[in-house]
Amino acid sequence: MKKQILLVALVAILASGMLFAQGAAETKAEGPIEITFWSLFTGGDGEFFDAMVKEFNASQSAIVMKNDMVKFDNYYTKLTTALAAKTAPDVVVVHQGNLLNYVPSGSLLALDSYVDATTLADFQQAPLDACRFDGKLYSLPFDVHPIVMYYNKDLMAKAGITKVPQSAQEFIEASQKVKQVTGKWGMAIDNTTGVYKAYTLARLFMSMLAQQGGSLLNADATAPAFNNAYGEAALKWLQDLVHVYKVNPTELDYDAAMNTFKLGEAAFYFNGVWATGTLEKTAGLNFGAAPLPAIMGGEAAWAGSHTLAIPVQKNQDPKRVEAAMTFIKWMTSHGEMWAKAGHIPTRKSVAQKSEMKALPYRADYAAAAAFALPTPRTAAWEEIYGTLSDKLEFAVTKNQNPKAALADMEQTVKNIIASY
Amino acid sequence: MIPGNKDTRDGIIFSLPFLVVYLAFMIYPLLSGLYISFFKWDILSTASFVGLDNYRTLFSDEKFYSSLWHTLQFVLMTTPTLLIAGFVMALAITGTSPWKGIMENVFFFPYIFSMTVVSTLWAWLMQKDWGIFNQVLITIGQNPVSWLTNEKLAMWSVALTTLWWTAGFNMVLFGAGIKQIPKEIYESASIDGATYLQRVRHITIPLVSSTTVLCLILQIIASFNVFGQVYVMTGGGPHGTTRVLVQYIYETGFKFFKMGYSAAMSYILFLIILVVSILQYTLLGRKEDA
Amino acid sequence: MNRFTFSKKQVLIRCVELLFILIWVFPLLWMLITSLKVEEEVITRTFSFWPANPTLENYIKAFTSTYIVNWMGNSFIVSLMAMLITLVIDAPIAYAFAKIRFKGRNILFWAVMGGMMVPFQVLIVPLYLQFNSFGLINTLAAAYLPRIALPIGIFILKQFYEGIPSDLEEAAFIDGASRYRIFARIILPLGQSAMATVIILSFINAWNDFLWPLIVINDTIKYTITVGIANFQGTHGTQYSLIMAGAAVASIPQIFFYIFFRKKIIAGIATSGMKG
Numbered sequence: 001m002k003k004q005i006l007l008v009a010l011v012a013i014l015a016s017g018m019l020f021a022q023g024a025a026e027t028k029a030e031g032p033i034e035i036t037f038w039s040l041f042t043g044g045d046g047e048f049f050d051a052m053v054k055e056f057n058a059s060q061s062a063i064v065m066k067n068d069m070v071k072f073d074n075y076y077t078k079l080t081t082a083l084a085a086k087t088a089p090d091v092v093v094v095h096q097g098n099l100l101n102y103v104p105s106g107s108l109l110a111l112d113s114y115v116d117a118t119t120l121a122d123f124q125q126a127p128l129d130a131c132r133f134d135g136k137l138y139s140l141p142f143d144v145h146p147i148v149m150y151y152n153k154d155l156m157a158k159a160g161i162t163k164v165p166q167s168a169q170e171f172i173e174a175s176q177k178v179k180q181v182t183g184k185w186g187m188a189i190d191n192t193t194g195v196y197k198a199y200t201l202a203r204l205f206m207s208m209l210a211q212q213g214g215s216l217l218n219a220d221a222t223a224p225a226f227n228n229a230y231g232e233a234a235l236k237w238l239q240d241l242v243h244v245y246k247v248n249p250t251e252l253d254y255d256a257a258m259n260t261f262k263l264g265e266a267a268f269y270f271n272g273v274w275a276t277g278t279l280e281k282t283a284g285l286n287f288g289a290a291p292l293p294a295i296m297g298g299e300a301a302w303a304g305s306h307t308l309a310i311p312v313q314k315n316q317d318p319k320r321v322e323a324a325m326t327f328i329k330w331m332t333s334h335g336e337m338w339a340k341a342g343h344i345p346t347r348k349s350v351a352q353k354s355e356m357k358a359l360p361y362r363a364d365y366a367a368a369a370a371f372a373l374p375t376p377r378t379a380a381w382e383e384i385y386g387t388l389s390d391k392l393e394f395a396v397t398k399n400q401n402p403k404a405a406l407a408d409m410e411q412t413v414k415n416i417i418a419s420y
Numbered sequence: 421m422i423p424g425n426k427d428t429r430d431g432i433i434f435s436l437p438f439l440v441v442y443l444a445f446m447i448y449p450l451l452s453g454l455y456i457s458f459f460k461w462d463i464l465s466t467a468s469f470v471g472l473d474n475y476r477t478l479f480s481d482e483k484f485y486s487s488l489w490h491t492l493q494f495v496l497m498t499t500p501t502l503l504i505a506g507f508v509m510a511l512a513i514t515g516t517s518p519w520k521g522i523m524e525n526v527f528f529f530p531y532i533f534s535m536t537v538v539s540t541l542w543a544w545l546m547q548k549d550w551g552i553f554n555q556v557l558i559t560i561g562q563n564p565v566s567w568l569t570n571e572k573l574a575m576w577s578v579a580l581t582t583l584w585w586t587a588g589f590n591m592v593l594f595g596a597g598i599k600q601i602p603k604e605i606y607e608s609a610s611i612d613g614a615t616y617l618q619r620v621r622h623i624t625i626p627l628v629s630s631t632t633v634l635c636l637i638l639q640i641i642a643s644f645n646v647f648g649q650v651y652v653m654t655g656g657g658p659h660g661t662t663r664v665l666v667q668y669i670y671e672t673g674f675k676f677f678k679m680g681y682s683a684a685m686s687y688i689l690f691l692i693i694l695v696v697s698i699l700q701y702t703l704l705g706r707k708e709d710a
Numbered sequence: 711m712n713r714f715t716f717s718k719k720q721v722l723i724r725c726v727e728l729l730f731i732l733i734w735v736f737p738l739l740w741m742l743i744t745s746l747k748v749e750e751e752v753i754t755r756t757f758s759f760w761p762a763n764p765t766l767e768n769y770i771k772a773f774t775s776t777y778i779v780n781w782m783g784n785s786f787i788v789s790l791m792a793m794l795i796t797l798v799i800d801a802p803i804a805y806a807f808a809k810i811r812f813k814g815r816n817i818l819f820w821a822v823m824g825g826m827m828v829p830f831q832v833l834i835v836p837l838y839l840q841f842n843s844f845g846l847i848n849t850l851a852a853a854y855l856p857r858i859a860l861p862i863g864i865f866i867l868k869q870f871y872e873g874i875p876s877d878l879e880e881a882a883f884i885d886g887a888s889r890y891r892i893f894a895r896i897i898l899p900l901g902q903s904a905m906a907t908v909i910i911l912s913f914i915n916a917w918n919d920f921l922w923p924l925i926v927i928n929d930t931i932k933y934t935i936t937v938g939i940a941n942f943q944g945t946h947g948t949q950y951s952l953i954m955a956g957a958a959v960a961s962i963p964q965i966f967f968y969i970f971f972r973k974k975i976i977a978g979i980a981t982s983g984m985k986g
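Residue numbers (the working numbering), protein chains in the order written: chain A, 1 to 420; chain B, 421 to 710; chain C, 711 to 986.
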């Protein structure tokens, strides 16, 4: 009995030793500085990003970057709790739309004093400005990823469609033709929650509002502005594709939509540019990519932007900040590697590189960056975005009366904004 | 019982290790959480005191009520079915079947798997376009079913998954209860001409009532706290119709960073569970003592 | 009746039993089958039950491109420690509730049981801040420490201890044994089956924990398996064959655990349901 107790105690002590080991990176006297990064890049994106980090580490010996991937869904939870406890890593990814949650509380370092004018001038204006708050720069844009259109060339050829549709009516006609001739779906717009919410609906909705000259929220993002003719037109088109023309499946979730297009079961597919990488690797898929068409007449497309920021630490080590900046500068100036994942890089010098110009598809939609819609600047954005996705999901799958749907959405958004 | 005036001292010493842990990791955070519920706080900036505002908001929040209702739906769906399933399984494994050993293993086995494995697996089985359930239906000429994307079915699908996962646990509890019933009672009933079903109804069920109560209480508490499998399988969809209260609490606190509001809602959930458990115990627990 | 003549009723019942056995086993079987297929066979318009060319590539990918082995190791450590500590703190207080008449015993008992009803969400934020101030964020200890207070364990042990006849203790007391001796030498050995239940419940509880380790562990390599598998699904999107392989690998330890401790597990749960 005693021996057993002793053994158990020994094991317990050993185990606790392991348990309390933090494995924290220690800066040695000589040798490279180790900095840490949290990445929310999953799947194909993740692989390309890891490859870039590897190359960064290999290209110089002063800094070693340790990259840690978090599932996208949980990323901001982790980030926020870590920022609150001041245990965040040296560099973090923050979507441009989420910056407002972190800037006012002073969680991110202002970067103005760390970036020289030449580097700054190399960035595209619009994405860079989106990272400024009260005149100060809080992150550097790494990419712009708008929603674009992918189309199946084989299906189009079979159905005898020679021009890629642009307007709402053209899409309806083209999709109908595809369905009649080939029996496949015309469109594959996801409209139900699976692993992810039906964000595509919200993104298209926002884009179509802007294309008509309207917008989702008012200028200072304090009130909804979509309960009008613009909103109705956009919503009705999305609904009719499913219920009136029956060219888009119902209860289609994000992954299923992607798979439907990959299998060649749908002619037109809308998703962010990040899908390019996966689609490219699909054997037998003959597709093209283009900026989001002017479905409602104007040119505008929802776009997110990944930005790189430096969290404020309890004891900010200037050496680490410098190392972090070096990393950020390197990554942004090698944007052609990131473009392999489908994203649009933000540095002008990258756009000139031959490797960049040689990448298929990306060149076709690089122009979309110019029409990128910025995310409304409000702390309530996360909740609005998610709730609207749910409401649009309901409105589209259930063919709810558009006026009633929009009125309900408007009231909900008002309530949400008021609660912040 | 060993009498002695060292009782209080001993009692405290024996309780101490647990109480220290309990105080540190349950009581302190619990009170701290209550404190937070009176503030408006986004975890990064300084908190601002708002008194009972969070609770007031809660009572007029449509999402709170719908989430609570979804949780209730889950409780109502799973409690009777899991209890009955567990009981029927227990009958099977304590009966005369030559396969009762196999059944005991097979029905209990899923319980040891982790929530994410079970949820991921069943989400795949029920996947609308390529999952095997629908593949089978298509092969026999039926239409595919929207297991997880139809708001009328989604919660039932999650309940079904939960049944497969945990009914075995109830089975073991009931099985133990049944095994305790003396064989003579059954024998004399048979001699008197009682059929199998009559024996079950009049002997087995009454005599396992204490197990039933225990099962019921545990099942209800667990169902009120459901989150993981719903979140992994449906993400709260379609369009939020399976979003349970715990998911709403989690999102409010950790996605929208309304910490105070999240804390307030979790306290209301706590109160509800407390009231339900007390009611259960007083109504049912007493009965079987009589 | 001859052993080899079966009544219609018996045949019917056996068929029903067989049906349910197959139904219950099927999901796990399908998990294995899917994991052995190439992804193109999984997402396809032409359905096939068995893999045309069974492959182990998903398993290889699961092992080489993720930290799945680390995750299992982490889960083991976390669950093992949770289970040991739970036992160490649950048994004495259960004994106190069962056998020691001390002031305030009832109130304390209900206060402890009340802990079962607390939804964990209430505790997350304060706990996180608490652990952070001790510098324990991102350690495995943080993953299990909040979970070691297991009131149901106390309940189970108390039920059992109450059933131990007082004569044993009284006899030992008369012989001059102190309470501690009685506890260690008599009560504990007698309570082994109940302790087995507590051990198993706390192990499974800690193993299955999802939300807390998710929040408190930052490095992917330190994840527990439950968090890791969920992460796995998010990072590999629609690659079902890969996800199923990951899920299968993640379940191996539990399968072994079950095979070796099956009788104890079932006996333990059974004991807890019985009165005294």
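Treat the hints loosely; a few may be bogus.
Partner residues are not named here, just some residues of chain C that face chain A (Cβ under 8 Å, in silico) [said to hold, decoys possible]: (1) Q720; (2) R724; (3) L728; (4) L729; (5) L732; (6) T756; (7) Y838; (8) L839; (9) L924; (10) N928; (11) D929.
Since the hints were derived computationally from the structure, they do not count as laboratory data.
The structure presented is a predicted model; accordingly, all values stated were derived computationally and were not measured.
Yeah, the Cβ is synthetic: ideal placement off N, Cα and C, and Gly gets one too.
These are the hints, each one checked on the structure:
For Q720 (chain C), the interface hint is violated, the least distance from its beta-carbon to any beta-carbon of chain A being 45 Å, above 8 Å. With a least beta-carbon distance of about 40 Å to chain A, the hint placing R724 (chain C) at the interface is violated under the 8 Å criterion. For L728 (chain C), the shortest C-beta to C-beta distance to chain A is roughly 35 Å, which exceeds 8 Å, and the interface hint is violated. A distance limit of 8 Å between C-beta atoms decides the matter here; for L729 (chain C) the minimum to chain A is near 30 Å, and the interface restraint is violated.
Checking L732 (chain C) against chain A: minimum C-beta separation of about 29 Å lies over 8 Å; hint violated. Taking 8 Å as the C-beta cut-off, the interface hint given for T756 (chain C) is violated, the closest approach to chain A being about 11 Å. Interface restraint check for Y838 (chain C): the shortest CB-CB distance to chain A comes to about 6 Å, inside 8 Å, so the restraint holds. The interface hint given for L839 (chain C) holds, since its Cβ lies 7 Å from the closest Cβ of chain A, which is under the 8 Å cut-off.
Annotation: interface hint on L924 (chain C) holds; nearest CB of chain A at approximately 6 Å, less than 8 Å. Hint on N928 (chain C) holds. Least Cβ distance to chain A is approximately 6 Å, under the 8 Å limit. A distance limit of 8 Å between C-beta atoms decides the matter here; for D929 (chain C) the minimum to chain A is near 6 Å, and the interface restraint holds.
The structure does not agree with the numbered hints 1, 2, 3, 4, 5, 6 stated previously, though it agrees with the rest.
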